[in-house]
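Undergrad: Just so you know, the sequences run in chain order A and B.
Under my numbering, the residues of the first sequence are numbered 15 to 332, in order.
Under my numbering, the residues of the second sequence are numbered 174 to 702, in order.
There could be a bad hint or two in this list.
The calculated EDC-like cross-link candidates involving lysine to aspartate or glutamate, where the alpha carbons are at most 20 angstroms apart (straight line), are [stated by the list, open to error]:
#: 1; chain 1: B; residue 1: Lys577; chain 2: B; residue 2: Glu558
#: 2; chain 1: A; residue 1: Lys106; chain 2: B; residue 2: Glu388
#: 3; chain 1: B; residue 1: Lys320; chain 2: A; residue 2: Glu70
#: 4; chain 1: A; residue 1: Lys96; chain 2: B; residue 2: Glu388
#: 5; chain 1: B; residue 1: Lys320; chain 2: A; residue 2: Asp76
#: 6; chain 1: B; residue 1: Lys291; chain 2: B; residue 2: Glu277
#: 7; chain 1: A; residue 1: Lys106; chain 2: B; residue 2: Asp375
#: 8; chain 1: B; residue 1: Lys291; chain 2: B; residue 2: Glu270
#: 9; chain 1: B; residue 1: Lys644; chain 2: B; residue 2: Asp348
#: 10; chain 1: B; residue 1: Lys224; chain 2: B; residue 2: Asp676
#: 11; chain 1: A; residue 1: Lys96; chain 2: B; residue 2: Asp375
#: 12; chain 1: A; residue 1: Lys175; chain 2: B; residue 2: Asp676
#: 13; chain 1: A; residue 1: Lys96; chain 2: B; residue 2: Asp371
#: 14; chain 1: A; residue 1: Lys96; chain 2: A; residue 2: Asp76
Hint data in this document are derived by calculation from the structure and do not stem from the laboratory.
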Amino acid sequence: MHPILKLVAQRLALGLLLLWAVSLLIFFGVEALPGDAAQAMLGQSATPVALANLREQMGLNDPLVGRYLHWLGGFLTGDLGKAMTNGQDIAKSIGQRLGNTMFLAFWAAIISVPLAITLGLLAARYNGRWPDRLISGVTLATISLPEFVAGYLVLYVLAVKLHLFPSMAMIFPGMGVFERLHAIILPVIVLVMVVLAHMMRMTRAAILNVMQSAYIETAELKGLGPLAVIWRHAFPNAIAPVVNVVMLNLAYLVVGVVVVEVVFVYPGMGQFLVDHVTKRDLPVVQACGMIFAAVYIVLNILADVISILANPRLRHPK
Amino acid sequence: MSSELNHLLKQAVAGRMNRRDFVGRAGALGVSAAVAGTMLTTAARADEPVKGGLLRAGMQGGESTNTLDPALAASEVPYVVSMTYGDMLVDVSPSNEIDYRVAEEISSSPDAKVWKFKIRQGVEFHNGKTLTIDDVVATLKRHTDEKSQSGALGIVKGITEIKGEGDMLTLTLADANADLPFLMADYHLVMQPGGGVDSPADGIGSGAYKVTSFEPGVRIAFEKHANYWDSSVGHADQVEIIVINDNTARTAALQSGQINMMNRVDPKIISLLNGAPGLSVQSAAGRGHYVFIMECTKAPFDNNDLRMAMKLAINRKEMVDKILGGYGSVGNDFPINSAYPFFDETIPQREYDAAAAAEFYKKSGHDGSPIILQVAEGAFPGAVEAAQLFQQSANAAGIPLEIKREPDDGYWTNVWNVAPFCASYWGGRPVQDQMYSTAYLSTADWNDTKFIDPKFDATLIAARGELDPVKRKAMYSELANNVRDNGGLILPMFNDFVEIVADSLGGWLQDPNGELMNGKALVKCWLKA
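So here's chain B without its partners, still in its complex pose (with noise of 0.2 angstroms):
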């Protein structure tokens, strides 16, 4: 078979390409519709899971420094550990419905203030025990707890009631929130035996692996889970995460055979790999995103007309093309893309415009001295780069802009969320009201553009407990307008999330949700025959 027909047949088996375009395309090759509809057939057969064997995922984003624990996980290693051997309640599907784990229904009081999750029924533990609605109650009594470091706590302090009837778990909040369900998705909630409070880093959930090995910042092996509810995950018989911090050792390793899967893959070698043979390069549009943060109490930028300036002399496209390689999307100044639901995509985009830059920089008054933008390495992959590219467009538009470098060390102590302008990024949220609630509403810890606005506040509220859709999308529209013309971020970009598979992987799927298909590329996979 012609290579172009076989990657023309990958396409359509992963979904990329309807029956009908596969078709048509393989005839421009010489094959005829019968022949070309039953090698679909056959290919997509041949994507049936196959079960057994060893998986193997390279990643980048694991210390010797990680804890089983999954309250405290909070990089990509033990994220996609906790995704692994632990079961949330729910999970986000690909398509963003929710996907029931270890609850199995869902129902809320119509003022979306008292929420019902059902448990499931014969959920074993990997340590024998069955899951019971008290396990349930103490892990989200347990991340609840001021004095937990859970990062899961921010999402469940909202929570005032946690009981268990039964079998069924009744949530009581202080607030109205329609998103409840998405929240509970959340990767550090992993129910774990007596709600983890004994010994959280045990590394016993409930998941379709069990812990077998733990080398934190080496290796992590696990094995299936005999008596998993779900027989529809959980292929392989044994996993691996295999902590391979090197960029080019990951390639090599995937390349060697030695992986079956990679997660970061640098923009700047793409192009050199999708050549390559036996392998693919797999990229999902997600909701991360990198930003420049300018603090809207603080000189210069509590001025709107020079934040507007400074928004307008950033050449998005620009970026996207050269700092992610073209692997991502350009951003529209506010945290939300269509990864999201309520996306309202009528809001027009801002592009680089150097002359409106420069009126709106005159009409600000500032004074001429040179606007200083901290950044450092570790902000975001390319971040200084970025930085300079920023520079160039802006002093294009007369604006006097200098990039200040930062150490790697320290940033996020010493210069995020202080100094006045510098370059950060965030990794999305399942829902809008997550992202604003965590970072833009006035009150908010991690408000690093010190947005305050009380409108703004009053309007998040109001949609965060509203269960009509049109009225729903209409106030996300709104605050999405306000923070893009009124806010101190500068978003020029959303990042893929960029992988790359080896051809001996099936059951490859794109998930916005997270990297590695949201941490579960190892339960959903499978190793071909």
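Just chain A, with the same shape it has in the complex (with noise of 0.2 angstroms):
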């Protein structure tokens, strides 16, 4: 077998053992919190007959470990039940607000990865110059905001005070593509605004790093132009940290914006998380870690190989 089949084909089954130990400590973590479903559920008017009856109608008085492999056998087979505080079914639910969160995922990463490799080689190539200074302070006064208080500027100047856009990110099915873009554009503002300094601060820098090399000497020698050699001898070695951090980054677009979605009252999975496990709503918070997890493994796999194959040294190992 090719030696990159075989890396990817060992990780996915550490991917799934991870994600195994993953749904132990989820469950067993909920469980450990004060309260349970029934408690959370009915709060302050809960007695102790209705708190009964809601306990046995979502089974919570069952053994612990007989409702953990009921679970791992429904989600082995495919099936992520119904959620124990609503009973609607949890793929239904969690796959539109996934979608979601992916909608708003790709197009925050579509202008913010070319964006931020773009005025990484800029800012190496005219490093210690002006161009460079006026990167790093803007990108780096944009990254140290929190995002809420970046989310309530951004909404404050360009939908209360302009009314340029829509305030609401609120997008709901039978929605166009246009209607949908012109919904997000605030988030996606915020958001890029919040990853771009991270992106660009590491190209710079790997970049700056390959530079100190001899073989970049001699491209100078042989007459090359300074971003000629940055772009055909520089970056391609830089690859491998850039990508790394990229792909922190896009994991952070779909797992950690639930800052932004409060903000921005966007239906994605943060919130739709926040809320059950407030309400202690085991199947529907297992269900969102698994894919979280899932995307935290999926897309370090994927920064593994992507830096193996732009690395000659790794991809023909000796």
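Relying on the hints, combine the two individually framed chains into one complex.
TA: Here it is in structure tokens:
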């Protein structure tokens, strides 16, 4: 077998093992929280009779391990079950939310990744001069703002004062693609602000590192222009660290944007997960946890594979 | 037109100022009486309902875990959803009268034990079926079932027999209850086809709007039910509830014109919004209140002198000003205010009195060990700050009050109704009996102050069946005084419902029964042309 296929197979197997461990952690972690789903749902209006009835109906009286195995059995056969709190089909409701999250992450990534890498290349090219200072200064400023401050700032200026874009990124079934794009402009702007600096700085640092090498000097001596040197000789050798950072940021765009979702009323996975953790709705929390963990694992495998493909020494090991 | 004149006109049209006052104050701005009168008439005519359009409410209090089953509605969004797609037998009007919905006539036996409700003919469910007496009986039976988790179980469990004949519903009660029609207005008791036994969460009701899209915690969309029997409501073609739990996002949505009304305005920002163009802050004095509860059966609160010392050591006025931003009224240590029928306004207001508090504290013989008040941010908005104010005023009276902060998570399970002294809130109930029966009757599940007094119980039950209003008022006055002077309840403030509506919204009324015009804002309001 080709060494890369072998590696991918190994990593996938490890990933499955990891997923299983995550499912254990989430299940028993949520169980360890004070209170159960019945109490969380009834809140202040809980009476002993109502609590007992609800526990019975939700199956909370069954032994813990049995419930875990039952869930695992369902999960392995592709049945995520129904939410304990409102009886909705989990696969269906998550599917919609996940689609929304992916939609937002996709557009934020499509804009931020090329932009960050281009800015990083430019900053490296003009290292220490004003374009570098300007790019670094601006992106560091945007990453230093907490997401909610950036969110409120954008909201206030572009939606409340200038009425340019809708303040709420409401998207719902039946909306056309352009309507959706118009709705998500503000959260995309904020997400780009948040992830830009990290990727840009890494690109710049990796390229500057490579620029110290002897072969760069050779390239310069044979008469190549500075941008051509960076593009043809420095960048290919800087891909590995950049890809790793890009993947980390992509993972963040999928699993870590709950604050932005709340500020812009975007119906993504983050708020969905928080609501269900609050109500101790285990099957839903499990399903969300599995998806988030899988996203991390897959993106990390992808980062490793790309790093190897980009490096001839790793691609053809002796 | 000057902005001041415009403001006066708005006040007059909304009924907060009578015609004479308006003409007088317009005169002060240099407008002649005749012109002012014409202006008012024109403005009032402009307030005729306008049909059509899409009306949107942005609301706090919705979660992805919500369901359409009206029996399980527990937070604000499910409540407004139920009130928009569903009808109960009756509603309670803003002036505390019975507003007939599915029932069109009510009568009772002289002892208030047997009640008859005549069911309206020609009411149609959203699935096209006609509402029958069997649907009404099945609905009420579902909520009285001990196995159901209905939030209305406590309200309907006193009903021993539910019977339907022809178009007449007969309810027989275990004990007399003169307030029964008010209890039938509870928002859980939405009429459903077949009582909702088979599919409680299908969202089929008989209200003015039918559910077209239900995305819990995100957006609930409705369209007008074309065959609704009452043409005086249901003006917009479509209405929507958008769940916006973040305060700033909700306000921004209103300011940028994406929603027409919002609930739950943070008192801290009201002063900033009062001058903002295109919207107005609306407040309605409700029955909800914020409380500190002492369990009368646990040391050191088993001593009434100590309880009295605590009650005298709280500065109610300061709390209304600082915690509610002035949007509320002071409490008097019993859970009733002027929004209730039979309220006795002659009961003297308890004031902050450090000297008297110190005296009662000394008399109680408390050993000087710290008195712990357990509080969480989620007990009520501003609970921690309120506890800190309480601590300062109590310490000034020499009472060693200390605050212990608790996490929001699990507060209602682990602290409330468990700890001897903690912060909490009550949403209020439509009638006095229900409020007292829910939380002050010795045997009540939610008797969170552990107030046990057989005489109180006896008077409460007697008042429930008393049809003579004068006697009834005297009885409720006795109950109020008893809780005020002997109970474990410290009630610093009644909170107003504070909401913001856009100027594009017509038909807004103040309603003490609940948020967003008792949940009926989407049904009763309209978009101005």
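Undergrad: Next step is simple, just say for each hint if it's right about the structure.
TA: Hint by hint, here is what the structure shows:
no.: 1; hint: B/Lys577 <-> B/Glu558; result: holds, 12 angstroms
no.: 2; hint: A/Lys106 <-> B/Glu388; result: holds, 11 angstroms
no.: 3; hint: B/Lys320 <-> A/Glu70; result: holds, 10 angstroms
no.: 4; hint: A/Lys96 <-> B/Glu388; result: holds, 15 angstroms
no.: 5; hint: B/Lys320 <-> A/Asp76; result: holds, 19 angstroms
no.: 6; hint: B/Lys291 <-> B/Glu277; result: holds, 6 angstroms
no.: 7; hint: A/Lys106 <-> B/Asp375; result: holds, 16 angstroms
no.: 8; hint: B/Lys291 <-> B/Glu270; result: holds, 17 angstroms
no.: 9; hint: B/Lys644 <-> B/Asp348; result: holds, 18 angstroms
no.: 10; hint: B/Lys224 <-> B/Asp676; result: holds, 16 angstroms
no.: 11; hint: A/Lys96 <-> B/Asp375; result: holds, 16 angstroms
no.: 12; hint: A/Lys175 <-> B/Asp676; result: holds, 18 angstroms
no.: 13; hint: A/Lys96 <-> B/Asp371; result: holds, 17 angstroms
no.: 14; hint: A/Lys96 <-> A/Asp76; result: holds, 17 angstroms
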